[in-house]
Amino acid sequence: MESNYGIPAVGVIVDVLEDLVHDKAMEDGMPALRLAFTPTPVGGKTPEELAEYVAGKDPLTGQDLMPEILDHLSRPLNEEESRTGSIARPRLELIGPATAAALQQQFDEKFWSDQLPIIPPTEERVAAMLRQTSHKPDEVVGAMRVTGEREAWSYSVETVAVNAVMAGAAPEHFPAILALAASRTNAKSSSTSSMTAMAVFNGPIVEELQLNSGTGALGLYNKAGAVIGRAWSLLSSNVTGGSVPGHTYMGVQGNPMSAVPAVFAENVAGLPEGWNPIHVQKGFAADESVVSTFSGCQSQNTMMVLQDEDWQWVLQRFIGALGPPNRSEKLLLVDPAVTAPFLRFGFDTKEKLIDWVKQNVTVPKRHYWLDQEVINYKMGPALSGVEPFAGWLKLPDDAPIPYLNNVEVVVVGGSGNVRWSVNECGYRNSVRLADWR
Amino acid sequence: MRAYGTTARLLLALFITLCCQAPQAQETPANTGEPLFTVLNPTGFPPPIERKSMAPRPADLSGKTIYLVDVTFNNGDVLLLEMQKWLAANRPEIRTEFRVKKGFYAADDPELWREIQATGGLMIMAIGH
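In the order they appear, the protein sequences are chains B and V. Just so you know, our numbering puts 193 at position 193 of the first sequence, and the rest follows in order with no gaps. Just so you know, our numbering puts 57 at position 57 of the second sequence, and the rest follows in order with no gaps.
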């Protein structure tokens, strides 16, 4: 608005986001953008409490808030605020020489590590990774953003190799890590809702790397899954400059799964007849090595086998209870031991189960539009006439809203009991490994 | 965290550039005997930044219209409506208009910006959180 329309403007935001908004203003080319701050939070406060904010002071400057805002709107621009031109962004190619301990400390302080010991990414170690692919070190693999509104940083084959070394990966893991990097799925997204990611491998690569599809598949009980997941996490942090709390990581509480995202194989041997592995569902041949990515993961809920007498009610409640209705994505991780009842209920393909979930997991209209996340993300589009939200806004209060639109099923687990899980995760894409060898 | 702004980071980068670039071969210092490593940078490549000019400010706000623009995020509308009440009570010579920006909170709304531009208006945008 300031530059394109010549409108003098002031942004008002909560004080806890000070670093973030200054970073964003810099990225957008207006580092001196005039801002004012209220105490945190604004959400959940009554009008009377917010009237006190308005009549009170900016907690960062100590000035009276409204006079400060009016001053921002009327004070002539100074030299710094009038400046144009490029802002330099220097980047070192090499760091050191330094001892391993000093490098570790430096990487920890810059949030280039996950605060755990890393393998120093020397040129020799990185070169060993690079020998596992035909792609040139300086080839751009992709770009990632901290969130959808932040700037996109690009990364090369060499950048991926550096992070793979740091994670403790062996050269034979590199094509799998490179394919994950090519997915451009950010495992360290900076939403305040503390999200993480998952990746599922299918095809010959599972045997080649001995990836786990059985007991503990989602945990750190498998070397390949652990180092590939850690490499993906470090890469996701570092390609955007490091995952720095307050600046480039905003998860309010953090997520224990985000340090090493779950990387596992689908239990193809446990697929019932008629259920295709996920890479085949996405159009790949069964004998192709493929990685499928999921992100937006926030929580996992587990339960035991469904009963014939009330499976519909339980399934609706089990899936519908996980997260607010703004989150329209779910990943059902089905252990081979619990597939038999699904077949009995008529789900002889994954697609039939997915369709049933999308149609039958609903929330009443009144509660949908009272959810704060729905208000934040869907009310604006609804008021602008964007469907289906505009139509959902006009429904009777008790009308069911089928809010799920991204549901997938993957078979995984060691069948030690009749347990399975539903995960708040959204499918993103699938990448063929052969393209990155 | 908030004390470390962009200037500090640029200074840090300059400091590293001046003091830390060195030969790549491993060395062993006589004083500790620990091996030294030169390593590759794990970060990606940021896009260039071109500075944009800010809008000139009016010398006087009397008779001007301030648009209070809500992005439908976390009570921002309630905060802006309280600001509107404060302005009416304390600065009645300033006119105000409350507007809800169209679309998702980060979406552009050129129709609204053109309306504000046409009236010579100013804007306060509150993002609740």
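Keep in mind the hints are simulated off the structure, nothing from the lab. Fair warning: this is a prediction, and the values are worked out from it, not measured in the lab. Note that CB positions come from ideal geometry on N, CA and C, so glycine has one too. Certain hints may be false.
[What the hints assert, rightly or not] Ranges of calculated distance between the beta carbons of each label pair, as one might list FRET restraints:
1. V/N90 - B/T40: 50 to 58 Å
2. V/P35 - B/A434: 36 to 44 Å
3. V/P48 - B/D397: 23 to 31 Å
4. B/K223 - V/Q117: 53 to 61 Å
5. V/G120 - B/E52: 42 to 50 Å
53 to 61 Å as the expected CB spacing between V/Q117 and B/K223, which holds or is violated
For B/K223 and V/Q117 the Cβ distance comes to about 60 Å; the hint holds.
Using the Cβ atoms, figure out if V/P35 sits within 36 to 44 Å of B/A434.
38 Å, holds
Between V/G120 and B/E52, does the beta-carbon spacing fit 42 to 50 Å?
32 Å, violated
Taking 50 to 58 Å as the stated bounds, is the beta-carbon spacing between V/N90 and B/T40 within them?
Since V/N90 and B/T40 have Cβ atoms about 25 Å apart, the given range 50 to 58 Å is violated.
Cβ separation of V/P48 and B/D397, checked against the hinted range 23 to 31 Å
For B/D397 against V/P48, whose Cβ atoms are near 51 Å apart, the range 23 to 31 Å is violated.
Hint check: violations occur at hints 1, 3 and 5; the rest are consistent with the structure.
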